[in-house]
Amino acid sequence: MGYTLSEIAAHVGGELFGDPDYCVSALGTLDHAEAGQLSFLSNPKYADKLSRCEAGAVLLRDVKDAESVRNAIIVRNPYLAFAQVTRLFTAAECGWQDSIHPSAIIHDSAELADNVTIGPNVTVGANVRIAAGCQLGPGCVLGEGVSLGEQTRLAANVTLYEKVKLGARCIVHSGTVIGADGFGFAPHNGEWIKIHQLGSVLIGDDVEIGANTTVDCGAIEDTVIGNGVKIDNLVQIAHNVVIGDNSAIAGCVGIAGSTVVGKNCTIAGGAGLAGHITLVDNVHITAMSLVTRSIDSPGSYSSGTALDSTQKWRKSAARLRRIENMAAQISKLEKQVKTLLTKG
Amino acid sequence: MGYTLSEIAAHVGGELFGDPDYCVSALGTLDHAEAGQLSFLSNPKYADKLSRCEAGAVLLRDVKDAESVRNAIIVRNPYLAFAQVTRLFTAAECGWQDSIHPSAIIHDSAELADNVTIGPNVTVGANVRIAAGCQLGPGCVLGEGVSLGEQTRLAANVTLYEKVKLGARCIVHSGTVIGADGFGFAPHNGEWIKIHQLGSVLIGDDVEIGANTTVDCGAIEDTVIGNGVKIDNLVQIAHNVVIGDNSAIAGCVGIAGSTVVGKNCTIAGGAGLAGHITLVDNVHITAMSLVTRSIDSPGSYSSGTALDSTQKWRKSAARLRRIENMAAQISKLEKQVKTLLTKG
Amino acid sequence: MGYTLSEIAAHVGGELFGDPDYCVSALGTLDHAEAGQLSFLSNPKYADKLSRCEAGAVLLRDVKDAESVRNAIIVRNPYLAFAQVTRLFTAAECGWQDSIHPSAIIHDSAELADNVTIGPNVTVGANVRIAAGCQLGPGCVLGEGVSLGEQTRLAANVTLYEKVKLGARCIVHSGTVIGADGFGFAPHNGEWIKIHQLGSVLIGDDVEIGANTTVDCGAIEDTVIGNGVKIDNLVQIAHNVVIGDNSAIAGCVGIAGSTVVGKNCTIAGGAGLAGHITLVDNVHITAMSLVTRSIDSPGSYSSGTALDSTQKWRKSAARLRRIENMAAQISKLEKQVKTLLTKG
Numbered sequence: 004m005g006y007t008l009s010e011i012a013a014h015v016g017g018e019l020f021g022d023p024d025y026c027v028s029a030l031g032t033l034d035h036a037e038a039g040q041l042s043f044l045s046n047p048k049y050a051d052k053l054s055r056c057e058a059g060a061v062l063l064r065d066v067k068d069a070e071s072v073r074n075a076i077i078v079r080n081p082y083l084a085f086a087q088v089t090r091l092f093t094a095a096e097c098g099w100q101d102s103i104h105p106s107a108i109i110h111d112s113a114e115l116a117d118n119v120t121i122g123p124n125v126t127v128g129a130n131v132r133i134a135a136g137c138q139l140g141p142g143c144v145l146g147e148g149v150s151l152g153e154q155t156r157l158a159a160n161v162t163l164y165e166k167v168k169l170g171a172r173c174i175v176h177s178g179t180v181i182g183a184d185g186f187g188f189a190p191h192n193g194e195w196i197k198i199h200q201l202g203s204v205l206i207g208d209d210v211e212i213g214a215n216t217t218v219d220c221g222a223i224e225d226t227v228i229g230n231g232v233k234i235d236n237l238v239q240i241a242h243n244v245v246i247g248d249n250s251a252i253a254g255c256v257g258i259a260g261s262t263v264v265g266k267n268c269t270i271a272g273g274a275g276l277a278g279h280i281t282l283v284d285n286v287h288i289t290a291m292s293l294v295t296r297s298i299d300s301p302g303s304y305s306s307g308t309a310l311d312s313t314q315k316w317r318k319s320a321a322r323l324r325r326i327e328n329m330a331a332q333i334s335k336l337e338k339q340v341k342t343l344l345t346k347g
Numbered sequence: 004m005g006y007t008l009s010e011i012a013a014h015v016g017g018e019l020f021g022d023p024d025y026c027v028s029a030l031g032t033l034d035h036a037e038a039g040q041l042s043f044l045s046n047p048k049y050a051d052k053l054s055r056c057e058a059g060a061v062l063l064r065d066v067k068d069a070e071s072v073r074n075a076i077i078v079r080n081p082y083l084a085f086a087q088v089t090r091l092f093t094a095a096e097c098g099w100q101d102s103i104h105p106s107a108i109i110h111d112s113a114e115l116a117d118n119v120t121i122g123p124n125v126t127v128g129a130n131v132r133i134a135a136g137c138q139l140g141p142g143c144v145l146g147e148g149v150s151l152g153e154q155t156r157l158a159a160n161v162t163l164y165e166k167v168k169l170g171a172r173c174i175v176h177s178g179t180v181i182g183a184d185g186f187g188f189a190p191h192n193g194e195w196i197k198i199h200q201l202g203s204v205l206i207g208d209d210v211e212i213g214a215n216t217t218v219d220c221g222a223i224e225d226t227v228i229g230n231g232v233k234i235d236n237l238v239q240i241a242h243n244v245v246i247g248d249n250s251a252i253a254g255c256v257g258i259a260g261s262t263v264v265g266k267n268c269t270i271a272g273g274a275g276l277a278g279h280i281t282l283v284d285n286v287h288i289t290a291m292s293l294v295t296r297s298i299d300s301p302g303s304y305s306s307g308t309a310l311d312s313t314q315k316w317r318k319s320a321a322r323l324r325r326i327e328n329m330a331a332q333i334s335k336l337e338k339q340v341k342t343l344l345t346k347g
Numbered sequence: 004m005g006y007t008l009s010e011i012a013a014h015v016g017g018e019l020f021g022d023p024d025y026c027v028s029a030l031g032t033l034d035h036a037e038a039g040q041l042s043f044l045s046n047p048k049y050a051d052k053l054s055r056c057e058a059g060a061v062l063l064r065d066v067k068d069a070e071s072v073r074n075a076i077i078v079r080n081p082y083l084a085f086a087q088v089t090r091l092f093t094a095a096e097c098g099w100q101d102s103i104h105p106s107a108i109i110h111d112s113a114e115l116a117d118n119v120t121i122g123p124n125v126t127v128g129a130n131v132r133i134a135a136g137c138q139l140g141p142g143c144v145l146g147e148g149v150s151l152g153e154q155t156r157l158a159a160n161v162t163l164y165e166k167v168k169l170g171a172r173c174i175v176h177s178g179t180v181i182g183a184d185g186f187g188f189a190p191h192n193g194e195w196i197k198i199h200q201l202g203s204v205l206i207g208d209d210v211e212i213g214a215n216t217t218v219d220c221g222a223i224e225d226t227v228i229g230n231g232v233k234i235d236n237l238v239q240i241a242h243n244v245v246i247g248d249n250s251a252i253a254g255c256v257g258i259a260g261s262t263v264v265g266k267n268c269t270i271a272g273g274a275g276l277a278g279h280i281t282l283v284d285n286v287h288i289t290a291m292s293l294v295t296r297s298i299d300s301p302g303s304y305s306s307g308t309a310l311d312s313t314q315k316w317r318k319s320a321a322r323l324r325r326i327e328n329m330a331a332q333i334s335k336l337e338k339q340v341k342t343l344l345t346k347g
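The listed protein sequences correspond, in order, to chains C, E and U. Taking our numbering, the leading residue of the first sequence gets 4, the next gets one more, and so forth. Taking our numbering, the leading residue of the second sequence gets 4, the next gets one more, and so forth. Taking our numbering, the leading residue of the third sequence gets 4, the next gets one more, and so forth.
Watch out, some of these pointers could steer you wrong.
Label pairs and their in silico Cβ distance ranges [stated by the list, open to error]:
no.	chain 1	residue 1	chain 2	residue 2	range
1	E	A29	C	E153	47 to 57 Å
2	C	K315	U	R325	20 to 30 Å
3	U	A50	E	E327	13 to 23 Å
4	U	P301	E	G302	33 to 43 Å
Keep in mind that the hints were calculated from the coordinates and are not lab data. Beta carbons are placed, not taken as given, at the ideal position from N, Cα and C, and that holds for glycine.
Using the sequences provided together with the hints, build the complete structure.
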């Protein structure tokens, strides 16, 4: 597997400085790339690495850096170009492609389009519809009435409950569970009466969902994930959440029931969103923040405290518990000083 | 699938205002329900939606609201009645019911009662006991000596380690792992020596556990989950934790080893409980709080800080790190003012 | 299954006080152990339990405690000795050992050494290499080119993506996914362009990974987990993270991309580490702390606030948002008092 620099330059729409027939067989970091490998410089603060870089070629923004390296491809956005090139170098899929493994259990009523790949030990329920070019890894389970758009790919051991719908070109990683019951119970005499969850999950096109993430089905209506949304590992999306197009949600985030996240939002790792709130478009939440109220203006929002040595933190945390006392002390001082100043 | 209003009124013990033969074929929200659908009004603050509601019938508390809607069923607790009605409308289970799929691998020594449903690619180990009416989804793995009470249902791809015991009418969602080794190691010369975990997990009746949750086996004695406990997705329950009856634990909560949670507690999403502590009955922990000490009195407890714009939050967080300085400044001022007042 | 006290004393290198032929058939806690069971006293604060302890024998540090119990084994480190003894009492593995189950799907090009156990419904991809003594639980999926060192054990339903490498004597618990795509996207015109993840995961010897944990593959180079590392349940390790030897990571921790954790670190439950930072050796992070910057000195670090009643917490949290105002009030008071003192 390899590409010439002229092929790569054409793929990314860049200008080549160097040998068009130079062959690149792999990608590498600026620190460790060797001859025959392509690297990239995205952040200008690492430009001093170029002189020591042994890569066969580098994707660059600034043409004046081209002379520091063996070969260069100049592009407007090296990080984007790098993303585009990674696609050329993805490994071939594992050995079950372009076939339906004989161990797969597929219900008679399921409709499979052409070029569908189904790995070993997959279970496909009644009335499932799988569009052309989909790939299902080993051990996946698709409940009754599931629907997958074209070229959607499920890694191994993905579970889709009844009626879950995914659009085209989605990727779902292993261990992820979509459509499990939302957490809904009515309290009654000290016990919890189950609210059976009757909705499902509706996922748009070009959505990627990481490993061991959970997206619950809706209580009555559906949980909805918009087009182009990217969700990382171990994320919890509760029932009837709505995520707007192209929002990105990092690992370990939890979003409680019926909350609406706008378009082009980013939620950093470990953050939590309370239920029944709304975030407008272009809201950014920093890591491990807790959002307990709706956010009406775009921008970045945070909660939490800064890291400290545990010894110092203990004192600060204890003091913070008494911050109301401090406020009272200040008020008293203000009055006393006012009196003194008046007298003075 | 449908029910007349008289059937539904009887099911929930309510009083019908309207056409007893009106047929309801689905449930709907106040906002979107159409003719032929049943909705409910639980929170009085949404009462103004009734006049615009197109539902065929609505579950209501207040008889005076009945005239605003097409048909009404008056009940003491509409949310509870709604929960009871959802049960009527749950979809039929996926197409493997009332049978043992031929691809399931079942150890000869396993004992299966009548009316047990086992999906494709399930593995049932030695000496497993499965009571009447249990359902196991595709891909489940039950280790040696597992025991399931009557009508317990495992969704697809649930893993139960050796000797795990679940009571009757439990529901466990996909990807959940019960009985994996607790996290126990003795430090020795800079390395960790494994403490092999010899206990198991004992789960009561009517417990529901969400997707991709983990409940570890005990070190020596068992981890214990009481009757009627409800656990959401992506929750971590460590070894030798004890959860009292009818407590509810929301998504992304972590409970460290040997901690005891009382009865009828609620732990909101993302909260963390340290190990070896005890919470009495009726304790409520708010979202993303960290509990590092035992709680001896019922009530609601919290930690964390309020959300702010990131710009403002940065300043507050930096100032909070110096809160001890502020306290010292206040003390000094108090002494100075006292001196001035004495002089005055 | 049972051992005499002389056998156990020899196993842990301890001195026996009592009957060398006394037979121990199980382990028990100080509170609940019965005759025929072995217990241990690790923490001296529980020494008063010894007089009421009915255990057949107790692992002790202090020889003067030996007279309080039926039989005693004196060791330097009772907790370590207990860990060593647990190994003797681990249950036999479930019934698929020392064989390759006929339902397993194993690619022709896979190389399996002697004494490999493979459970039902396992899928082993092309060019996989499994060393001697490995055990794979039911439902595991090993992608193309995976490699397992000697005596490594995967519990049921573990997923290893292409090219993941584990060393010898590792244990991976159920539901864990190793090698899924790192969360990498280049923003472009309001959409996200996937950075295909071309690295893999390299895991050392004697590593244990809990249930439903995720370790992502590297973007270009590998994600690396050192020897002797212990990782609990529901932990997220992002792409290109490096974890030093013998570090321990508790449940629900998230570590963002390219972060380097030193050797012998401990990260307590629910903590979060930002991306692209470095923690030196011997750093300890307390529960639910957020680490947003590199840590250059060994020691313990924390963030967060202390638990309080929700009512009191609400006031403190609101006050904290105005802590800058408090600081301004103090500054003003200081100036005023200085003026008064000067005048005085």
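A quick look at each hint next to the structure:
1. For E:A29 and C:E153, the Cβ-Cβ distance of about 30 Å falls outside the hinted range of 47 to 57 Å, so the restraint is violated.
2. For C:K315 paired with U:R325, a C-beta distance near 23 Å keeps the hint of 20 to 30 Å intact.
3. The beta-carbon spacing between U:A50 and E:E327, approximately 38 Å, falls outside the hinted interval of 13 to 23 Å.
4. The hint said 33 to 43 Å for the Cβ distance between U:P301 and E:G302, and at roughly 39 Å that hint holds.
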